[in-house]
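As you go down the protein sequences, you meet chains A and B in turn. First residue of the first sequence? That's 1 in our numbering, and the numbers climb one at a time after it. First residue of the second sequence? That's 1001 in our numbering, and the numbers climb one at a time after it.
It is possible that some hints are incorrect.
Stated by the list, open to error - Computed beta-carbon distance windows for the label pairs:
1. Arg1269/B - Lys141/A: 26 to 32 Å
2. Gly45/A - Ala1505/B: 47 to 53 Å
3. Gly134/A - Glu1214/B: 37 to 43 Å
4. Glu38/A - Asn1530/B: 25 to 31 Å
Claimed, not checked - In silico BS3-like links for lysine-lysine, alpha-carbon gap of 27 Å or less:
5. Lys1497/B - Lys121/A
6. Lys55/A - Lys1267/B
7. Lys1317/B - Lys1369/B
8. Lys1348/B - Lys141/A
9. Lys42/A - Lys121/A
10. Lys42/A - Lys55/A
11. Lys1348/B - Lys1314/B
12. Lys1092/B - Lys1314/B
13. Lys1092/B - Lys53/A
14. Lys121/A - Lys1460/B
What the hints assert, rightly or not - Sample of chain B residues with no beta-carbon within 12 Å of chain A, all distances over it, derived:
15. Pro1238
16. Ile1256
17. Glu1534
Note that these hints are calculated values from the structure, not bench results. Every residue gets a Cβ at the ideal spot worked out from N, C-alpha and C, and that includes glycine.
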Amino acid sequence: MSCGLDRRQVLAFGGGALAVAAFGFSVGPANAANDAAELIAKFTGGKQATTGKVKLDLPEIAENGNTVPMTFSVESPMTESSYVSEVLVVADENPRGGIAHFHFSPASGVAEANTRIRLAKTQNIIAVAKMNDGSFFTATKQVKVTIGGCGG
Amino acid sequence: MLNRRDVLQVGAATAAAVAGSGLGALGTALARQRLTQNELLRFKSLGNVTLLHVADMHGQLLPVTFREPSTNIGVGAARGEPPHITGAAFLKRFHIAAGSAEAHALTPVDFESLARSYGRIGGLDRAATAIKAVRAERGEDRVLLLDGGDTWQGSLGAYRTLGQDMIDCMRLLKPDAMTGHWEFTYGEKRLKEAVAGLGFAFLALNVRDTQWQEPVFDAYKMFEKGGVKVAVLGQAFPYTPVANPRWMIPSWTFGIREEAVHAAVDKARGEGAQLVVLLSHNGFDVDRKLAGRVPGIDVILTGHTHDALPVAIKVGKTLLVASGSHGKFLSRLDLDVRAGAVRGYRYKLIPLFADAIRPDPDMAAMIAKVRAPFAQELAREVGRTESLLYRRGNINGTFDDLICAALIEERDAEISLSPGFRWGTSVLANSPVTVEDIHNATAMTYPQVYRLTMTGARLKEILEDVADNLFNPDPYYQQGGDMVRCGGLGYTIDVAKPAGQRISALTHLGSGAPIEAARDYVVSGWASVNEGVEGPPVWQVVERYIARKQVVRAAPNTTVKVVDA
Chain A
1 MSCGLDRRQV
11 LAFGGGALAV
21 AAFGFSVGPA
31 NAANDAAELI
41 AKFTGGKQAT
51 TGKVKLDLPE
61 IAENGNTVPM
71 TFSVESPMTE
81 SSYVSEVLVV
91 ADENPRGGIA
101 HFHFSPASGV
111 AEANTRIRLA
121 KTQNIIAVAK
131 MNDGSFFTAT
141 KQVKVTIGGC
151 GG
Chain B
1001 MLNRRDVLQV
1011 GAATAAAVAG
1021 SGLGALGTAL
1031 ARQRLTQNEL
1041 LRFKSLGNVT
1051 LLHVADMHGQ
1061 LLPVTFREPS
1071 TNIGVGAARG
1081 EPPHITGAAF
1091 LKRFHIAAGS
1101 AEAHALTPVD
1111 FESLARSYGR
1121 IGGLDRAATA
1131 IKAVRAERGE
1141 DRVLLLDGGD
1151 TWQGSLGAYR
1161 TLGQDMIDCM
1171 RLLKPDAMTG
1181 HWEFTYGEKR
1191 LKEAVAGLGF
1201 AFLALNVRDT
1211 QWQEPVFDAY
1221 KMFEKGGVKV
1231 AVLGQAFPYT
1241 PVANPRWMIP
1251 SWTFGIREEA
1261 VHAAVDKARG
1271 EGAQLVVLLS
1281 HNGFDVDRKL
1291 AGRVPGIDVI
1301 LTGHTHDALP
1311 VAIKVGKTLL
1321 VASGSHGKFL
1331 SRLDLDVRAG
1341 AVRGYRYKLI
1351 PLFADAIRPD
1361 PDMAAMIAKV
1371 RAPFAQELAR
1381 EVGRTESLLY
1391 RRGNINGTFD
1401 DLICAALIEE
1411 RDAEISLSPG
1421 FRWGTSVLAN
1431 SPVTVEDIHN
1441 ATAMTYPQVY
1451 RLTMTGARLK
1461 EILEDVADNL
1471 FNPDPYYQQG
1481 GDMVRCGGLG
1491 YTIDVAKPAG
1501 QRISALTHLG
1511 SGAPIEAARD
1521 YVVSGWASVN
1531 EGVEGPPVWQ
1541 VVERYIARKQ
1551 VVRAAPNTTV
1561 KVVDA
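Produce the complete structure using the sequences and hints provided.
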């Protein structure tokens, strides 16, 4: 088992997001037990996020809940006048809701990143993107974490 | 001179049952009290390309007795839709006469008496005869033979030779491509080595290496058949590292990867493919959903869930074919492809009745050769069964109940757990139980029987987990397989409830008392996906039990109650 792996140690990035790292990237803050909704509310300032523009690529069933590959991308021209500034990723059933908080700028080229996340159980992963005009877009995907076996 | 192979005589009682019903081709044959190779293979050819498909053979080289499920519950959009209909409803839906050969091949109705009338079905030597006949009739340049996988596992011979017995026989058939699932349970090294020696393509677009997400196998292969450019894409079982031990394939990652399927379809079309075929081990419901979401696939040859359907199911413009399991059937799909589109098709699921179809001599010789090292052992009688032993079905089958009883008695446990595999052949009542029969229900590469304690809460968690893998309304969250089989433990399952709420009334059958969440129970089981499990192989435990009892009997299970409201 690779239970010893911690998501903070295994963060890996796609080409587009490499540039992002140079501009500053922070893993989500250590929050109290499941505060996913509060984190989103704080991030959006209570504004409604629209479903769309964000693509969240996660397996339907995790092969290993300790290290689940996740990729997100947000549709945007990434120009000075129109770009994605931040993306918040939360999980609604982990002991702590926060997973990651990414910062982008037009120089990022694309608003895309991939990493590996740790999921304690079956739950929804929610990504919320903040645009430079102050609007918010979101996507949700359920990932099942199962005991395994018995497939036949 | 007619012999038993040329004309299969059937009992008068079964023939009478057909009178007055809507007869298919096989029903007609039955009415004449004969079932011949010509009748079984008869097909009015159509168009310019023929696809032949086999899947889920599970190590079976000889004709088998295999009872199709009586319980196969569909959820969500699949509820009440094929393949989730069984028995009399199945016969009605497809206008098949009760008591006919087709009815016997496809349903468990009146199984035992019809099994005695019609004999065994399948055998790779019979399949070889059928395949050769189609190639001769159509011309090899119009025929593709595709194997949907789960071919190299499920018998003593396959286990001992790491699948080589199946590979040696399949190579004689010269398939054009295959994909896999249980093939992966021989480990990365063995699989790579076997694939290198196949002589035909092993396709799996959804398998990537864990480090760089790079493809491990070819995604698709292009063929030219009947003047048509055909792309065959391969999709391995998406949840192999979840349903089977991940430690055996540590560098590979799977998944449905809908976008990768989409990309491969587009790439193949871009290279001029006029016909796109997905050779899939997704399972029928996953493929039905996929067909509705990924455009440009003309045919999905489904596998994994072991469904045998007498018609091709159309989802939008995509045809779904389900060819059954254990070598019982060969699917033939003729396609008329013109100007890059399928203009017409004709389909037949051919049941390979072993007494009606002549075995191909070359294949028969190869089967005898690969079985020779184990022949004596396979034939050894361990005991007898007074009742029909079968596995397939959503809830316990009698063979599983026998295995569960063996685990409890031989390992001195209160409760036993046996995996809900869909493979495993049936044994008719009042027959000997041989070493081969036991291995057909147990042979795999992680057979250790464990014995440990579990709390009542953990037992419920396991049942809930497996129930959601089977009954999640979204097929992409299903793993295939059936409910884990339990010995010494009764419960009620409400299929339509949400995850975590389906299982209730858990009962410790030894005492009749309700299962207590906090109490420890001694549990024995097999097929753990964890590494380093210790214990004797399950076939040894089952053999010891049957040998000790000499005569076994397992009545249909009544300790699991299914609510399907």
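Nearest-CB test (12 Å) between chain A and Ile1256/B | At roughly 6 Å from the nearest Cβ of chain A, Ile1256/B sits no farther out than 12 Å, so the non-interface label is violated.
Are Arg1269/B and Lys141/A spaced within 26 to 32 Å by their CB atoms?
-> holds, 28 Å
Run the C-beta distances from Pro1238/B to all of chain A and say if the shortest one exceeds 12 Å.
-> Violated: least Cβ distance 8 Å, not greater than 12 Å.
Keeping to a limit of 27 Å between CA atoms, is the pair of Lys121/A and Lys1460/B held or broken?
-> Given that 27 Å is the threshold and the Cα spacing comes to 16 Å, the pair holds.
Beyond 12 Å from every Cβ of chain A: is that where the Cβ of Glu1534/B lies?
-> holds, 17 Å
Please work out if Lys42/A and Lys121/A have their alpha carbons no farther apart than 27 Å.
-> holds, 25 Å
Keeping to a limit of 27 Å between CA atoms, is the pair of Lys1317/B and Lys1369/B held or broken?
-> violated, 45 Å
Is the Cα-Cα distance between Lys55/A and Lys1267/B 27 Å or less?
-> holds, 22 Å
Do the alpha carbons of Lys1348/B and Lys1314/B lie within 27 Å of each other, as the hint requires?
-> holds, 15 Å
Taking 27 Å as the top limit, are the C-alpha atoms of Lys1092/B and Lys53/A close enough?
-> violated, 47 Å
Would the pair Lys1092/B and Lys1314/B pass a check requiring their Cα atoms to be no farther apart than 27 Å?
-> Holds, at roughly 19 Å.
Verify the proposed pairing of Lys1348/B with Lys141/A, using a straight-line Cα cut of 27 Å.
-> It is violated: about 40 Å lies between the C-alpha atoms, which goes past 27 Å.
This entry does not satisfy hints 4, 7, 8, 13, 15 and 16, going by the numbered hints stated previously.
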